[in-house]
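Trainee: Sequences and hints are given; from them, build the entire structure.
Protein chains in written order, with our numbering: chain V, 1 to 305; chain C, 1 to 366; chain Z, 1 to 302.
Cut-off 25 Å, straight-line C-alpha distance, at most; resulting in silico cross-link-like pairs (PhoX-like, lysine-lysine): (1) K25(Z) / K211(V); (2) K245(C) / K305(C); (3) K25(Z) / K196(V); (4) K245(C) / K271(C); (5) K153(C) / K73(C); (6) K7(C) / K153(C).
Just so you know, these hints were derived from the structure itself, not from any lab.
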Amino acid sequence: MQSPNNNSTGSRKWSDLTPQMVLAPTVIAALIWVIGFSLWTLWISVSNSTLLPDMTYHGFEHYAKLWGSKRWTVAYQNLFIFGSLYVIGTLVVGTVLAVLIDQRVRFEGIWRTIYLYPLAISFIVTGTVWRWIFHPNTGVELALHDMGWLAAKFDWITDRDLALYVVVITGIWHASGFAMALILAGLRSVDGDLVKAAQIDGASMPRIYRKVVLPTIWPIFVAVTVVLLQFAIKTYDLVVALTQGGPGVATTVPAIVVYDLMFQRGQIAQGAAAAVMILVALALVLIPYAVWTGWQKRKEGARHG
Amino acid sequence: MSSLTIKDLRKSYGPVEVLTDINLEAESGEFIALVGPSGCGKSTLLSIIAGLESVTSGEVRIEERVVNNDAPKDRDIAMVFQSYALYPTMTVRENMTFGMECRNVPKPEQKETVERVADLLQIGPLLDRKPSQLSGGQRQRVAMGRALVRDPKLFLFDEPLSNLDAKLRIEMRSEIKKLHQRVGKTTVYVTHDQVEAMTLASRIAVMFKGVLQQYDTPKEIYERPRNKFVAGFMGSPTMNFLDAKVVADGDGLGLTIDGGDGGVLPLPTEKAAGVKPGQAVIFGVRPEHFNPVHAHRGDPTARLKVLVDMVEPTGSETILMSSVAGQSVVASVEPDDAPREGEAVELAINMAKICLFDPATELRIS
Amino acid sequence: MAEAATHQEFDPLATGGTRRRITSKGIVYGALGLFALIYLAPLMIILLNTLRPLDDIVRTGFIALPEAETMSLKYWAEAWGTFCIGGTCEGVSRFYKNSLMMTIPATVLSTMFGLLNGYILSKWRFRYDGVIFGLITLGVFMPQQMTLLPWAFVLGKLGLSNSIAGLVFVHTIQGISFTTLFCRNYFVSIPDDLIKAARIDGAGFWRIFRRIILPLSPPIVIVTVIWQFTGIWNEFLFGTVFTSGANQPITSAIVAFSGSGTGERHYNVEAAAVIMAAIPPLIIYVLGGKYFVRGLTQGAVK
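Mentor: Structure below.
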């Protein structure tokens, strides 16, 4: 192709547009399901819809009703309790595991594989298994009785005040391997000379971790926290399989309320409002994080540039 | 016949102009070096020649044909990258045949060409290895081999030696020179190393801040730099720049160093051409054009008294870091002539080789 | 590999006196072993209960060892082929097939799109490509609840309601966000010079993809396949909302299982079904090994 045209920008060939054309289906799909679907659900939440979609505008009453319902406020409250305990617990266990593995142990791969496998199996499997273990009729309590300790009592899962902690424990069991993997990767990236220097300064191992190594990888802790908060906000399957939100509404979380409103009670507008609230919660976590990482990157860029 | 012509070329990214009014032409078989500090636009210019970047305005011609809108593959060029850019999943042979494969060259011809080039570069035994199994120097050769199999109109090199260690760099440098002499193709070679540019090129284009400062033979660039930037960039240690004033000196003119002891350095007539008494100038002297007076090498009529702060022997020569009236003077002298640190010493200046620059425009006056 | 060279070359516990070293090592291994027990116990307990007769489980609960004379594999067979769930008595085999029919195509399709998108977004830069990348990655964070009603409507319009094809469609589109993110971030580390060299050599968009990018892709393909396979196989909400009865994937069937017992619970059969549901992602996880972790790190701290 000898183009006599010496105009610098014009006359692009069709083949130059191949990348854009290959990308187009994805862009269209993403526009529809990310932007379009969000607006759609947002609109349903202010519409007249009940059992079936009705797209006439209704107003923000569904939000008011949602926040007026006991079930929803309990669910949101549960999310806060569950979210904070789950994140803290997972970080603590994950850090302990990572530091232990970091001690140049033998069979490192095997230990890692064991701690991380819960993440590979579904919440449904995890929830079902732990339900059996926690339930007084099938699990630990019965086993203790069998061993002759008849007064033993371990019925958190059927106790309104304690059932949420069962969800927390199961959640930590599921996710701590994830925290371990990321924190371990962080520990491995710490400059070995730093540890040697601290050692020469006479610091003990626990002190070196507490004062030198862990503080240098704090961005990893921020990242893991954000991911875990996301998990917490989206939590649904685990609770369904473990407690079905019960006893009563003791372990109900927002995602369960959404499902119930939309598909069990035929109040899809209110369900959509609840879904929007989940999106808001996610945005409250993710937007500050995105801004923060962007700012960090710019700072880094300025330092290099 | 000129084989590459660049006319009034401009390149900007949004409001930022990275290349301004570049004019350059290379005769067939010439070896052109594009040299300048990082960020001067030399790599962008090379990418534009290659067709990897578009042109904002102006034109690029390869053998009289305007190639502004041609894809890289249609320009009949070959390029050697700083990172070598060898395809990591292909063997050396596949790396070299990939271009021919894209052009549907028949297999037997591919094989023949690869063998010829492998012979030329002595990489025959490496043909079935992967790039990861090669040393830095071998990768360099393969990268050149990949360019050579193309038999292009134009060779482009983008800092090809900067990833090698010092010794290998010098070896490969002379090898590139030999290779160019043998194949005789027009070559554009980007480097930030002025020694590479001086040793390899038939003409050097010195660039700074997107502007072509000077385009000339190595000798001209070194001896008659157009401005202070070119003078300072070419040569190591770099040229000394002293603030000075032109004064009358008998029948002719001379220079006094600002803040100095008032001693007059007589200007040869050809250097005195463009200046008049009382004019402020920047006085440029290359380090090798100083000699201690006590060594009796050269003309002792122009003398400068300096205080030696530091002496750095490099073996073949000794560098004196010294100062006169608060202005620093670096001189490179024979090791046997070197004074001691802290000594005051008189340096004779070879005034035939000096440069005078205008302090305002920084252009060379004479 | 660089990671091994920094912190790892130095053994913090190897300093100090021998005795101190031995006690610290003892504490470390003791703690590791205890944690390992906590992580493995639930799976082991359930595995053992797949072999025990029901009356045994009802009497002593799950936390007990099987007795040699009553141990049997027949509950596995029952769970696989004959147990009644939600009216059909085909065990979980049917749902298992559903899950495979859903997971494999969705994994393959989303990985293919992800490779192409990642290649374009990292190597064929154009105006607004950053915005497009941002839009696609936003999908990673979308809560499923926001998309439930629109998807139900769209699947209905496309005639894909209550079908495996519908789930493949949904999971492929959602999965592309993940795979594009993974692949783009991976391809960014491939030097641009390779692409430039190939363009000078005369290769175009597709040839560069086939000859340069794809041969470099196995690590990221493994990561995305592992990630997509386990994610889609384990997914529950979409499976439950968009399909019902015999068309549900295995996760939904497991939950239906727990709810379907009219009389007594068949814990042993249920346990076998639960283990079966866990096996494919576990196999992928064990085979994938380090790539699984790499996917995590990439997905989480991009």
